[in-house]
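Q: With these hints in hand, go ahead and build the complete structure from the sequences.
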Amino acid sequence: MQSVIHNLTATSNAIDTEVLAKHRQLTSESEAQLLVGHELHQLAHTRLETASPVVREAWLKRLFANLHLYHLRQVGEAAAWRTPQITSRGKQEAEVEVVDILVEKEGWERLRVLGSGSYEQLIHQLCALATMGLTLTATSDEYVRRFCLEYKKFANPNADTETEQNWLPLLLSLQTALKASPIVEKASRKPDVKTAYQVIAQPQHLVRRPPSQVSRERIVSFSAVLGLLIVCGVVLWGGPNWKRNEPNQKPTLVEMPASPTASATPHQLPSPTPKSKPTPAPPAPVVVAQEKAGFYVIGVAARQEASAQAEAQMRQQEGLSPRVVYSSDWSGLTPNYYLVVYDIFANRADTVALRKDLEKRGIKTYMMHSGKRVRP
Amino acid sequence: MSLTQPPSKMADPIDQYTQILKFCQTNEEQKPVGKEVRTASLKLDLRAIQEVEAMEGYATEEDFNELLFVPKVQDFLAKHHHDTQEIQAFWLLVRMRYLALLHPSQRAQVIQMSDQMQCKPTLVMGEVFRMPKVKDRIQLLSRLPYREVAALMVETEQRKLTLQADGGVFLSSIAFDKENSEVRQSARRTFLAR
Chain D
12 MQSVIHNLTA TSNAIDTEVL AKHRQLTSES EAQLLVGHEL HQLAHTRLET
62 ASPVVREAWL KRLFANLHLY HLRQVGEAAA WRTPQITSRG KQEAEVEVVD
112 ILVEKEGWER LRVLGSGSYE QLIHQLCALA TMGLTLTATS DEYVRRFCLE
162 YKKFANPNAD TETEQNWLPL LLSLQTALKA SPIVEKASRK PDVKTAYQVI
212 AQPQHLVRRP PSQVSRERIV SFSAVLGLLI VCGVVLWGGP NWKRNEPNQK
262 PTLVEMPASP TASATPHQLP SPTPKSKPTP APPAPVVVAQ EKAGFYVIGV
312 AARQEASAQA EAQMRQQEGL SPRVVYSSDW SGLTPNYYLV VYDIFANRAD
362 TVALRKDLEK RGIKTYMMHS GKRVRP
Chain W
34 MSLTQPPSKM ADPIDQYTQI LKFCQTNEEQ KPVGKEVRTA SLKLDLRAIQ
84 EVEAMEGYAT EEDFNELLFV PKVQDFLAKH HHDTQEIQAF WLLVRMRYLA
134 LLHPSQRAQV IQMSDQMQCK PTLVMGEVFR MPKVKDRIQL LSRLPYREVA
184 ALMVETEQRK LTLQADGGVF LSSIAFDKEN SEVRQSARRT FLAR
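Protein chains in written order, with the numbering used here: chain D, 12 to 387; chain W, 34 to 227.
For the record, the hints were derived by calculation from the structure and aren't laboratory data.
Treat the hints with care, as some may be off.
[What the hints assert, rightly or not] Heads up, simulated BS3-like pairs for lysine-lysine below, C-alpha to C-alpha not over 30 Å straight-line:
| hint | chain 1 | residue 1 | chain 2 | residue 2 |
| --- | --- | --- | --- | --- |
| 1 | W | Lys68 | D | Lys102 |
| 2 | D | Lys190 | D | Lys116 |
| 3 | W | Lys68 | D | Lys190 |
| 4 | W | Lys68 | D | Lys163 |
| 5 | D | Lys116 | W | Lys55 |
| 6 | W | Lys76 | D | Lys163 |
| 7 | D | Lys116 | W | Lys68 |
| 8 | D | Lys197 | D | Lys371 |
| 9 | W | Lys105 | W | Lys166 |
| 10 | D | Lys164 | W | Lys68 |
| 11 | D | Lys116 | D | Lys164 |
| 12 | W | Lys105 | D | Lys102 |
| 13 | D | Lys303 | D | Lys367 |
| 14 | D | Lys190 | D | Lys375 |
| 15 | W | Lys76 | W | Lys55 |
| 16 | D | Lys164 | W | Lys76 |
| 17 | W | Lys68 | D | Lys197 |
| 18 | D | Lys190 | D | Lys102 |
| 19 | D | Lys383 | D | Lys367 |
| 20 | D | Lys116 | W | Lys76 |
| 21 | W | Lys105 | W | Lys168 |
| 22 | D | Lys197 | D | Lys367 |
| 23 | D | Lys375 | D | Lys197 |
| 24 | D | Lys197 | D | Lys164 |
| 25 | W | Lys112 | W | Lys166 |
| 26 | D | Lys102 | W | Lys76 |
| 27 | D | Lys163 | W | Lys105 |
[Stated by the list, open to error] Counterexamples of contact, computed for chain D against chain W with all Cβ distances above 12 Å:
| hint | residue |
| --- | --- |
| 28 | Thr61 |
| 29 | Ser63 |
| 30 | Gln85 |
| 31 | Glu104 |
| 32 | Thr148 |
| 33 | Tyr162 |
| 34 | Ala166 |
| 35 | Thr172 |
| 36 | Leu331 |
| 37 | Tyr337 |
| 38 | Asp340 |
| 39 | Thr345 |
| 40 | Asp354 |
The model shown is predicted, which means the values in this text are computed figures rather than measured ones.
Backbone N, C-alpha and C fix where the C-beta goes; we use that ideal spot for every residue, glycine too.
A: Pasting the structure below:
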């Protein structure tokens, strides 16, 4: 973890810039809470014990970015700028400022204090705790006692090496505080949301999804296959009879289930019996489109194509015309997501009107530039 | 004497000054100290430790004693009005002198005791001005946490007193404190009873 010190100021500035950009991009509080909650939920379930130092550092950066974004949303941009930034006394200042964290009683409150400064401050404060062999669960009395008794450790040139083993317990204490936070508990009940950051985006292999989510996805996939088989069977077996009995009704694609998820409920299938009323046709599946480059107005980003399709179809029924775009096709978008895109614009300013209109309808959106197409 | 050696006899965290301050402490009467004020005070104590540690190794006991005679301290004693920065700088210097003479474990004990301490500024003022020597007054102030010194300075400023003022001047100032008779009587009682 000693690499966190290298280029610390530059890294800190880069993270600050990105978080600020994200803050300005977010249009509503609920969108911000959803985003931060999802990110923190992922961080709370990352396996740090077996992770390499590089992975731990990435985890810490992402944690800070989300805590800082949360802070910005709470206090506003202007107030955040008034927060005293790191000075030339940086490291020494941080050794003292650890008290600001430890006077808070709750773990989540302590994390919030950590997120209120800069990344550089956070690293110096965590370094001070690690040097004293303490974690985020320490009391301020305990810190003061060690500060007085073991102050020489701060000046020890080999302190970095000697405190290396203190970092894991410290990071685990941050994670424990995160798990107990209300925002993470709330986020565990929310749907899948796209990751918030580009520069500090976490590699996919770092994210350990909760077992319940994995099993749920497996059930959905199995149901989807089963549903398709039933539909094919119905069409092949019952199709001709149906056609015979209903000569004016053409079998169309509309009769196909809109998504694998929808097919999981057989009672929704159109009945082949002529006496029964034809059920209202579900909307046509939204095809993964080949789109142009530009500023995308994105509603939902989902890991599963079915989720994105379901959302897009729901919006179609409301009279909108969204399309589903696969993010890996574009260099500017975080890969492996299915995005529900409402429109694409050549200029950033043109997105504003649409986003406002969608927000009035209760649809949260964000805007990103697609970059270049990377796959045909 | 280098401060890396064991502290001298006078370095006792429970000395005559801390005993005096016991008379000034309140319990349930006063409203609890705000977290921010308390944290700021605690942080200044850690700053004082940092400064002391930075001086240790080359500074002697005499060097620390001289902190009480630097112009910043002397000017402070002679002034009626002090801004926050001046109070902090003054308190930091006198506190450094006090903490420097203590063993590290005693420093921790003193800081933790100070964190819990809650005094009535008027009673502290009575004790301060009862002392004829300014040096003793400074010693007494160095046993107080920063927040209590700041509160005391507000009181002295209201009464247009300097920390060098004579005991009689203090008495006459409280005699005309018509707005708060309880404070006046309490301070006078403290002053005369000793």
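Q: Determine for every hint whether it applies to the structure shown.
A: Okay, the hints, checked on the actual structure:
1. Lys68/W - Lys102/D: 24 Å, holds
2. Lys190/D - Lys116/D: 16 Å, holds
3. Lys68/W - Lys190/D: OK: lysine 68/W and lysine 190/D at ~26 Å, within 30 Å.
4. Lys68/W - Lys163/D: 29 Å, holds
5. Lys116/D - Lys55/W: 29 Å, holds
6. Lys76/W - Lys163/D: 18 Å, holds
7. Lys116/D - Lys68/W: Answer holds: lysine 116/D to lysine 68/W is near 11 Å, not above 30 Å.
8. Lys197/D - Lys371/D: Holds, at roughly 25 Å.
9. Lys105/W - Lys166/W: 18 Å, holds
10. Lys164/D - Lys68/W: 28 Å, holds
11. Lys116/D - Lys164/D: 26 Å, holds
12. Lys105/W - Lys102/D: 27 Å, holds
13. Lys303/D - Lys367/D: 23 Å, holds
14. Lys190/D - Lys375/D: 26 Å, holds
15. Lys76/W - Lys55/W: Cα-Cα ~23 Å, so holds.
16. Lys164/D - Lys76/W: 19 Å, holds
17. Lys68/W - Lys197/D: 29 Å, holds
18. Lys190/D - Lys102/D: 29 Å, holds
19. Lys383/D - Lys367/D: 26 Å, holds
20. Lys116/D - Lys76/W: Holds: lysine 116/D and lysine 76/W sit about 17 Å apart, inside 30 Å.
21. Lys105/W - Lys168/W: 15 Å, holds
22. Lys197/D - Lys367/D: Holds. Lysine 197/D to lysine 367/D sits at ~27 Å (cutoff 30 Å).
23. Lys375/D - Lys197/D: Holds, at about 18 Å.
24. Lys197/D - Lys164/D: 41 Å, violated
25. Lys112/W - Lys166/W: Distance ~17 Å between lysine 112/W and lysine 166/W Cα, so the pair holds.
26. Lys102/D - Lys76/W: 14 Å, holds
27. Lys163/D - Lys105/W: Holds: lysine 163/D and lysine 105/W sit about 29 Å apart, inside 30 Å.
28. Thr61: Given that every Cβ of chain W is farther than 12 Å from that of threonine 61/D, nearest at about 36 Å, it holds.
29. Ser63: Holds: least Cβ distance 34 Å, greater than 12 Å.
30. Gln85: 17 Å, holds
31. Glu104: Violated: least Cβ distance 9 Å, not greater than 12 Å.
32. Thr148: For threonine 148/D, whose nearest Cβ neighbour in chain W is about 18 Å away, the distance exceeds 12 Å, so it holds.
33. Tyr162: 5 Å, violated
34. Ala166: Non-interface label fails for alanine 166/D: nearest chain W Cβ at 8 Å, not farther than 12 Å.
35. Thr172: 22 Å, holds
36. Leu331: Correct as stated: the minimum Cβ-Cβ distance to chain W is 49 Å, above 12 Å.
37. Tyr337: Correct as stated: the minimum Cβ-Cβ distance to chain W is 50 Å, above 12 Å.
38. Asp340: 52 Å, holds
39. Thr345: Fine: 40 Å to the nearest Cβ keeps threonine 345/D off the interface.
40. Asp354: 48 Å, holds
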